[in-house]
Each structure stands twice: as C-alpha cells, then as structure tokens.
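Peer 1: Just so you know, the protein sequences line up as chains A and B, in that order.
For the first sequence, numbering that gives the first Met the number 0 assigns the number 133 to the last residue and increments by one with no breaks.
For the second sequence, numbering that gives the first Met the number 0 assigns the number 335 to the last residue and increments by one with no breaks.
Quick caveat, the hints were computed from the structure, so don't treat them as lab data.
Just to be clear, a hint being listed does not mean it is correct.
Okay, the calculated bits of chain A under chain B, using three or more residues with CB under 8 Å as the criterion [to be verified]:
no.: 1; stretch: 17-25
no.: 2; stretch: 114-123
Which chain B residues face chain A? A few, computed with CB under 7 Å, are given here [claimed, not checked]:
no.: 3; residue: PRO180
no.: 4; residue: PRO182
no.: 5; residue: VAL183
no.: 6; residue: LEU186
no.: 7; residue: ARG306
no.: 8; residue: VAL310
no.: 9; residue: GLU311
no.: 10; residue: ALA314
no.: 11; residue: ALA320
no.: 12; residue: GLU323
no.: 13; residue: LEU327
A virtual CB, placed ideally from N, CA and C, is assigned to each residue, including glycine.
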Amino acid sequence: MQDRPTFDELLEAVAGYLRDDVMPNTQGRLSFHARVSMNVVEMLRRELATMEEHLAREWDGLDRLLGVEPMPPRLAGVREALLRRNADLCERIRKGDADEGPWRLAVLSHLRTVTLDKLEVSNPGLAAEYRDRA
Amino acid sequence: MQKDEVQQGLERFIAARTGGPVTVSNLVRLSGGASRETWSFDAETPAGRIEGILRADPVPGAPTIPGRELEYHLIKAAWDAGVTVPEPLWDGDDTFPVAFFVMRRVPGETLGARLIRGEQYAKAREVVPAQLARDLARIHGIREADHPELARLEHPPAGKTSAEAQLDYYENNYRTAELDPHPVFELAIRWLRQHLPPPGEEVLVHGDFRLGNFIFDETGVRGILDWELAHWGDPMEDLGWLAVKSWRFGGKQPIAGVGTREAFIEAYEAAGGRPVNRQHFLWYEMFGNLKWGVITMTQAATYLTGRNRSVELAAIGRRTAETEIVLLELLEGRWD
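Could you build all of it, start to finish, from the sequences and the hints given here?
Peer 2: As structure tokens, then:
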C-alpha cells in the first residue's frame with residue numbers, strides 16, 4: 000500500500016495546478032488543452048472512485064442477459080472478460096435476438112444502467128439529466 | 000504558409016482584380032485546423048476597403064475531397080440562391096502553392112453555447128430556427144442540372160440510396176475502429192437497417208448544417224459556413240443532423256437547441272423546402288447521433304494508433320457515451 004497522499008489527493012493536486020496556475024496564465028490552444036487536461040484528471044478521479052461498483056454492476060447485468068459466470072478475481076481479468084461478454088451481447092443483437100420481446104427490454108434496461116454509469120464518470124451533469132427522466 | 004508570403008500574395012492577387020495598388024493589413028491566422036488555413040485581413044483597394052477571409056489548403060497537394068476543392072463554387076451557388084453566406088469574392092489561382100479562395104468577412108459569433116446562454120442573443124434565439132429553415136430550403140433547391148461545376152461532388156453509389164450508403168460507411172468505420180464492442184450501436188444499426196427510407200429525390204445536401212457551423216449575431220443567422228462535406232443526397236439528412244443532441248449545446252429544444260421540430264418543418268416547407276416525411280427526418284436524427292458516436296470513436300482511434308497525440312482527441316473517446324444514451328432514448332421512442 001502506498002503512502003499518503005492517496006491517488007485521489009494527488010490527482011486533485013494536478014487538477015488544481017492546471018486550473019489555477021496553467022489556465023489563467025496561458026491563451027488559445029495551450030489554455031484550451033490545459034482545460035481539457037483538467038477535465039480528464041477530474042474524470043479519472045470519478046472513475047477510480049466508482050470503478051469497482053460500476054464493473055460489478057455491468058457484470059451482474061450481463062449475468063442476467065447471458066447466463067451466470069463467476070467474476071474473475073483480478074481487475075485485468077474482469078476487463079478482458081467484460082470485453083468478451085459485450086462482444087457476445089453484440090453478436091446476439093446482430094442475430095436478431097433483441098429485435099422484440101422481453102429480452103429486448105432486458106437488454107435496453109441493462110444498457111441504460113451501464114451507459115448512465117459511464118456518463119456518471121465522463122459527464123455527471125448529463126447523467127443527472129437522464130436519471131431524472133427515467 | 001508564412002505571414003509574409005500570405006501578405007504579399009494577397010496584395011498581388013487582389014491588385015490584379017481591382018486595378019491595384021492594394022495594401023493588406025490586420026492579417027491574422029484564425030484557426031489551427033488541420034484541414035484548412037483560415038486568414039482574416041483588411042485590404043485597401045482602388046475599389047474600396049475589403050474586409051476579407053482567405054481559405055487555403057494547409058500544404059500543397061493536401062489530400063482533399065470534392066467539397067473542399069469546390070468550396071468557392073458551393074458558396075457562390077448558395078449566394079446566388081439567396082442563402083445567407085459570406086459573399087464569395089474570388090476563386091484562387093497560382094498565387095500560392097496551395098489551393099485557396101477569398102470571401103468577404105462576416106462579423107459575429109459561431110460558438111454554440113453562446114447562442115444558447117448569451118443574454119444578448121435572446122432575440123436571435125427566437126428567429127434562428129426559421130432563418131435556418133429558409134436557408135436550408137434554398138440550399139435544397141440547388142440542382143445539379145443548373146450547376147455543372149458542382150457535378151464532382153459525391154453522389155450516392157449506383158444501386159444504393161443515400162441513406163443506405165451512409166449507414167454502410169459509418170457501420171464500416173465502427174467495425175474497423177477495433178475499439179471496444181458497443182451493444183448500443185448494434186441496436187441502433189439494426190433499427191436503422193430495418194427502417195431505411197426508400198429512394199427519394201437527390202438535392203444538394205450541406206452535410207454539416209448545425210449550430211456551431213453558422214455565424215450569428217444579435218439579429219440571428221449571418222452566414223452558413225463549413226461547406227466541405229456538401230454532396231448530392233437526401234434533403235432529410237440535413238434536417239436530422241441539425242437535431243442531433245450534441246449540436247444543441249445544452250439547449251432544451253431539438254433545432255439548434257432553441258426550436259421545435261414542428262415549427263422548423265413548417266418554416267422549411269413554407270420557404271419552399273422539400274416535403275418533409277417525419278419518419279425519414281427521425282431516421283436521419285437517429286443516424287446522425289450514431290454517426291457522431293462513431294466519429295468520437297474514430298477520433299479517439301487516431302490518438303490510440305499514435306497518428307495524433309493530442310489530449311483533446313484522446314478525451315473525445317469518452318464522449319461516445321453521450322451518443323449512446325441518446326440512441327437508447329430514441330430506440331425507446333422518446334424523441335425529445
């Protein structure tokens with residue numbers, strides 16, 4: 000285990016530097032890219048804070064659609080397996096399995112959950128807008 | 000190009016067209032765009048003062064598309080049809096080593112979020128949709144028979160409708176981007192295949208007609224820009240693209256963030272636009288959201304393959320989810 004500051008505390012420091020030191024003292028393209036970089040760092044903080052929960056939720060959703068499978072113990076294994084399972088889901092959709100009926104509704108519901116989780120990281124404002132609507 | 004080269008070239012070029020001598024001042028390069036160099040300048044000429052814009056290819060022999068080569072002729076055809084565009088002045092010659100043309104500068108703003116939120120644009124927000132509808136109706140009235148100089152613009156390939164050809168193109172881009180699988184895109188592609196619009200008439204399609212690509216001021220639309228993606232195709236393509244969620248810039252309404260679809264259709268038809276089939280309009284809106292989603296993936300791919308290491312391109316990869324949530328809404332029949 001690493002010493003403090005935690006990754007979140009360090010990322011906060013980097014975001015603050017970009018926001019408070021770089022952006023006000025640069026112009027044009029440089030300042031714009033500093034803003035983009037700050038937004039990316041803030042996004043990473045949200046991703047790291049929610050990753051475990053989001054990956055587990057996506058796994059459970061795919062269990063309901065494709066059948067239960069044990070979740071690999073390590074993160075790299077989970078990512079690899081999720082890519083494979085999402086490719087399987089794509090294949091089922093291409094075959095027409097989600098054209099109608101209860102499985103289509105289940106697929107739509109799962110994808111909404113997963114997409115809102117992605118937006119929670121990349122664009123929390125938009126996620127809130129769509130959560131309120133559902 | 001270097002500033003000195005542009006300055007001297009412009010003075011010679013304009014002098015030859017106005018009976019010289021000409022002095023160019025306030026020369027500024029506006030965009031760092033990879034596909035075009037845009038320079039703003041003022042010129043004192045025997046025919047009076049010209050506030051102008053020079054549009055030039057970035058390098059000699061740059062890879063190009065018909066819409067870019069023909070941009071001057073497109074703006075000229077639009078100007079002659081009464082579309083709100085910057086006045087085209089002269090097509091280029093061999094003054095510079097790159098292709099170029101000159102048009103009059105139009106003052107105003109292009110940033111979408113400013114139209115949506117700016118206090119000074121309250122009046123503009125009311126009138127922009129109908130102005131866009133009129134301009135689009137006039138663009139769609141431009142016919143190949145009257146404009147042989149535009150014949151080289153892309154046509155739908157033989158045996159395919161414009162809609163099918165475009166869906167094929169973006170599906171192929173999605174499949175060859177070789178990033179993560181996207182089940183939402185699969186659902187959208189399947190829906191679009193099952194609801195393809197039948198063959199229709201072929202008109203001049205602007206190809207990127209949206210908030211962000213026109214100049215506006217307090218009075219509304221001042222100039223339709225970005226003609227490089229113009230082609231011959233289905234008029235409904237421009238209507239659907241205009242309504243894509245990302246082009247609303249946070250605005251609550253579908254048309255440029257500030258107008259309803261129904262009011263737009265009414266204004267477009269009243270201005271002489273093509274008869275609007277609402278199903279086809281919505282097809283192109285679904286397609287437009289998919290297209291922008293695929294573009295966010297392919298832009299991220301240019302970063303991931305090392306062709307361009309810009310943090311901006313890398314970050315665009317995380318915008319794909321914005322299009323996925325919209326596609327899910329549309330697939331569930333919620334057209335807001």
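Peer 1: Look at each hint and say if it fits the structure.
Peer 2: Each hint, compared with the structure:
no.	hint	verdict
1	17-25	violated (count 0)
2	114-123	holds (count 7)
3	PRO180	holds (4 Å)
4	PRO182	holds (5 Å)
5	VAL183	holds (5 Å)
6	LEU186	holds (6 Å)
7	ARG306	violated (17 Å)
8	VAL310	holds (5 Å)
9	GLU311	holds (5 Å)
10	ALA314	holds (5 Å)
11	ALA320	holds (4 Å)
12	GLU323	holds (5 Å)
13	LEU327	holds (5 Å)
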